[in-house]
Amino acid sequence: MTNPPYDVIIGLEVHVQLRTNTKLFCRCRTEFGNPPNTLTCPVCLGLPGALPVMNRKAYELSVKTALALNCNIPNFTKWDRKQYYYPDLPKGYQISQFDLPMSENGHLAISSPDGEFEDKNVGIIRAHLEEDAGKSMHDEVQGLADTRIDLNRTGTPLLEIVSEPDMRSAQEARAYLQELRLLLTYLDVSDCNMQEGSLRVDANVNLHVHTETDEKIATPIVEVKNMNSFRAVERALHYEVKRQYEIWQETGNRIGDVPKQTRGWDDNAQLTRAQREKEESSDYRYFPDPDLVPVTITNEQIEAFQRQIPELPAALREKLVDEFSLTPYTADVIVNQGPEVVTYFQSLAEHTGDAKQAGNWVQGEVLRVLKEEDWELSEFPISAEGLADLLKAIQQGELNNSRGKEVFAEMLSAGTSAADAMAALGIEKVDDSALEDLCREIVMANPKVIDDVQSGNEKAVGALIGQAKQKNPNVNPGQVRQICLDIINAL
Amino acid sequence: MSLSKEDVQRVSLLARLKLSDDELTTMTEQLGQIVSYVDKLSELDTEGVEPMAHALDLTNALVDDEPHESLPQEKALQNAPNSDDECFRVPAVLGE
Amino acid sequence: MQNTMIDLSATSLLAKLQSGEVSSEEVTTAFLGRINAVESRVGAFLKVNSESALQAAQAVDEKRRSGTPLGKLAGIPIAVKDILCTEGEATTCGSRMLENYVPPYNATVVEHLLASDAIVIGRTNMDEFAMGSSTENSAYKPTCNPWDLERIPGGSSGGAAACLAAAMTPLSIGTDTGGSIRQPAALCGIVGLKPTYGRVSRFGLVAFASSLDQVGPMATTVEDTALLLETIAGHDQRDSTSAKIDVPQYTASVNSPLENLTIGVVPSHYQDGLDTEIESSVKEAIRVYESLGATIKEIEMPHAQYGIATYYIIAPCEASGNLARYDGAHYGYRTDRQTMLDELAEEANQTDGAGESPLVRMYRKSRSEGFGSEVQRRVMLGTYALSEGYYDAYYLKALKVRRLIRADYDAAFDQVDCILGPVTASPAFRRGEKTNDPLAMYLEDLYTVNANLAGVAGISLPCGLTSENLPIGLHLQAAPFQEEKLLQVANMYQSATDWHTRRPEIQ
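Here the protein sequences line up with chains W, V and X, keeping their order.
So in the working numbering the end of the first sequence lands on 686, straight run, no missing numbers.
So in the working numbering the end of the second sequence lands on 343, straight run, no missing numbers.
So in the working numbering the end of the third sequence lands on 1644, straight run, no missing numbers.
It is possible that part of the hints are untrue.
With the C-beta cut set under 7 Å, the calculated list includes, among others, these residues of chain W facing chain V [claimed, not checked]:
1) Cys223
2) Asn229
3) Cys236
4) Lys277
5) Asp341
6) Arg343
7) Cys387
8) Val488
9) Val490
10) Asn494
11) Ser520
12) Thr522
13) Ile682
Here are the simulated distance ranges between beta carbons [claimed, not checked]:
14) W:Gln456 with X:Ile1382: 48 to 56 Å
15) W:Phe312 with V:Gly279: 22 to 30 Å
16) W:Pro454 with V:Pro314: 15 to 23 Å
17) V:Pro314 with X:Ala1252: 21 to 29 Å
18) X:Ala1174 with V:Gln280: 39 to 47 Å
19) V:Gln280 with W:Glu441: 49 to 57 Å
20) W:Pro454 with V:Gln256: 48 to 56 Å
When the alpha-carbon atoms are kept at most 25 Å apart in a straight line, the in silico DSS-like pairs for lysine-lysine are as follows [to be verified]:
21) W:Lys624 with W:Lys514
22) W:Lys259 with W:Lys315
23) W:Lys643 with W:Lys654
24) V:Lys322 with X:Lys1184
25) W:Lys587 with W:Lys600
26) W:Lys624 with W:Lys587
27) X:Lys1184 with V:Lys287
28) W:Lys330 with V:Lys322
29) W:Lys551 with W:Lys277
30) X:Lys1381 with W:Lys273
31) W:Lys551 with W:Lys514
32) X:Lys1571 with X:Lys1278
Don't read these hints as lab results, they were simulated from the structure.
Note that the structure is a prediction, hence the values are computed from the model and not measured.
C-beta: ideal position from N, C-alpha, C; glycine also.
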């Protein structure tokens, strides 16, 4: 298929709920799943006379996140009121940041192991700290339609991360989101759970249509909301791109010809719908919040925060490839599982001295079990040292890989060490002289094989391996082969 | 700088106020007078002057992430003009 | 005994309470008796707490008898402006919007008062949401100036000032955003102090203009004012704009005069619009200070004339933000749903269009029915000034001029200890005189707004009576957090004069 006659321009706005104990401007707890309106106080209810006081931890988590996103942290930042009316916004304004946000000008690197797109840095315009609104639910009573409001969520700290419109496909958008979520997991700043609403995504998308004269014409930007999973984001963007191209062909509308439209993704119908025109276009009348004072941060303090940042996914992938000689694919798989799995792998590699083997076992066996059992790594019963014992036994030829997997399964179900599991399965290292005796016995019982080998067909010795295994399943096939050959050649 | 009735009408929507025709006329006149008066600030050259949004030079009023006791549900709802057992209620937000 | 008790200052009453000469119950009964006698004519209170005040007084007496340690104001009645949240008590801010609003928490200032064992005798009338200079904007009733019941007491803390002038309470709490303590204090012949911004916590103070609002003490003497300020001032972690500066013991120094005092006088204050009698009283006050050994220095405040314009941009802008929460959704007044739906249905028939959503109509009607006209005017003004395209020309510009006004004060306080001048351009005017001219009403604040814009401390104290027996106030201002000095300087004047002892005969 030839390239479509347009470029896709995508920017993403991600709202991340920061994992603090309390809200951004009051000390109500931030917990998910409580009965409505049980986690409120005069401040987050917006009662007359209540005043906001900033949560230090929320600010610190924002700084760390912004630094991890390679942002610049200005020494001075302030908060502004974003004014609009909505029942889940009790003060009639949201405390957010307008012209002096706490961070700006960063980037996040994305790549595609499958080669769907070229590696690139997605620019980040800014990340700022603001408060969340409450929740509304529709309800009808006696023919009158009501909205029910739960203000538990009001005031939860949100980090709004705004990307440059640098993504050129729905796949890039998805990769950006996955990498961002992974980064946030490594930083431990958020639960990143879209179902619970701790991570929300809005997209801005339009096309740059190619004309015959090599000119590129920008179509009107559409904001897409209500996507509740990364898959939904990808699908919504695919849909939007097709829809926008059709609209272009019908109307030829360029950016600026019509106002910016907002559309909601309907996951059931798998399409976007235009949202009701608001009563007036958004004039948020931003001004500095007089109830809050600015926050200043020194360069030394910024550096101290920088030092608190753990190793991040991108760097870890490189490290696993460079220092541990893993393939990029395996490195990616392990890093994508999160910091606990990386630590497990590193420990396993160090204990066994064989990173490649460790990588195979983590990728192949450990992750498989985690998936099957739906476990977090913390629930996985075999420690890195414990598993290392098994891997070392394999290295030393005490058993082969397929026997090793049986031992692994035994270790899991019985909760025993590698040694105990091996004993339970009757796996023993075969004594050298016993092995020698066994081979001599089998060789002598197979004169045809002696003849074949002596006449130059070494492969014939293969038949003896099966026999040896039958007599003693613990024999190492490689060793049997070599010893039989040696015996035959010495005859 | 004089205000038109349309300006005032637009502002009344932004401010979520509803003015009758008479009120609109009076408001337009009064706001016009006030705005003319405050326009005298344009006489002053304020080039290079830092805006003063706060009366006090304070920064970094940050507190620890320690929870307090929230209000019980009944107290949170006690002043609501319309509520049920658990939630505030308002006429439905349409188009959502 | 009862009759003279109401004429005593809080400080004197405290001495008598502490010596056991009188009980708090007796004191409270005396003031309640006075309220009974004159309140129907003055109208200073929105609510009088007869029962709970007596109970509180009895409890204090019991504590005193049993030797339990008592707070600084133990047994002294105090009136609280109906803008400070009090748990379990309707806090209306003089508005229909909050007619039935009952806060689930106490303002920090209220907590200080309770901890001081003061007896909260009632909640005073005010201009709605503190917007006004005459208390005529109260949605409930006007308050009458005890010196002439046909005249206004000033505002927005009109009730707070009137109840002191009428001897219905010895202490009162007001709030000042552009002069709302000092102007009514001047018009009613009592003492009122606006603290430095950040000196007193705003937590629980229903906000009008956040960067200008302050809670302050009102009393009949400077000494009492010092005592009350000491009780309510201090850092509060629940208010981000609260200063982390220790509170001096104002009462310890208030009676000590200052040596080498330099008083600043601003020639441009004495211009055409200033009432001649006020001018001569203020100039007489200057002579008093001279006789007390002060040096008088002429200073310039070149940007003072822009104060009103600056204030009437900044305050409405902040107010439009602060009052957005009054939308009938979670608390406060909400318009009748059926009437509203009927209206919408009618409109839909006529215009055949989609029309406004019920939610938006609910917001608009609730606010228009709940707010009085002055509040609506200021909300409109603020919304306009912050709306797209106007921010730079109005709000931003005003913030810059504010900086210039502050710089004038900084320069002034480099040269003088206090600035002296009039509080108002004219004495109390007649009720109704300025209600049709908002701008004329705004100009009432001429001499007071700059202290709020700059964040400095200011006090008004009685310095004369006009030929019509109307009080005249003297305005003193000091540098930020110099309340100690301000009170000392004020008391120097008060110790040498007796204007503060004059009381009206209530008609």
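field: Restraint outcome when Val490 of chain W is required to lie within 7 Å of chain V by C-beta distance
entry: Where the cut-off is 7 Å and the nearest Cβ of chain V is about 6 Å from Val490 of chain W, the hint holds.
message: Would the hint linking Lys551 of chain W and Lys277 of chain W be met if the CA-CA limit is 25 Å?
response: violated (54 Å)
- prompt: Between Pro454 of chain W and Pro314 of chain V, is the Cβ distance one that fits in 15 to 23 Å?
  reply: violated (44 Å)
- request: Please verify that hint: Ile682 of chain W, Cβ, nearest Cβ of chain V, below 7 Å or not.
  value: violated (74 Å)
- prompt: When you check the alpha-carbon spacing of Lys259 of chain W and Lys315 of chain W, does it fall within 25 Å?
  reply: Within the cut-off at roughly 23 Å; holds.
When the least beta-carbon distance from Asn494 of chain W to chain V is tested against 7 Å, hint result: Status violated, d = 16 Å.
- prompt: Is the distance from the Cβ of Gln456 of chain W to the Cβ of Ile1382 of chain X consistent with 48 to 56 Å?
  reply: This hint holds: roughly 53 Å between Cβ atoms.
query: Does the alpha-carbon distance linking Lys330 of chain W and Lys322 of chain V stay inside the 25 Å limit?
result: holds (19 Å)
task: Could you grab the alpha-carbon distance between Lys624 of chain W and Lys514 of chain W and see if it respects the 25 Å cut-off?
output: violated (36 Å)
Minimum beta-carbon distance criterion (7 Å), Cys223 of chain W to chain V: holds (5 Å)
field: Straight-line alpha-carbon gap Lys1184 of chain X to Lys287 of chain V, limit 25 Å
entry: Violated, at roughly 42 Å.
message: Checking hints one by one. Is Asp341 of chain W an interface residue toward chain V, by the C-beta closer than 7 Å rule?
response: holds (5 Å)
Hint check: violations occur at hints 2, 4, 7, 10, 11, 12, 13, 15, 16, 20, 21, 27 and 29; the rest are consistent with the structure.
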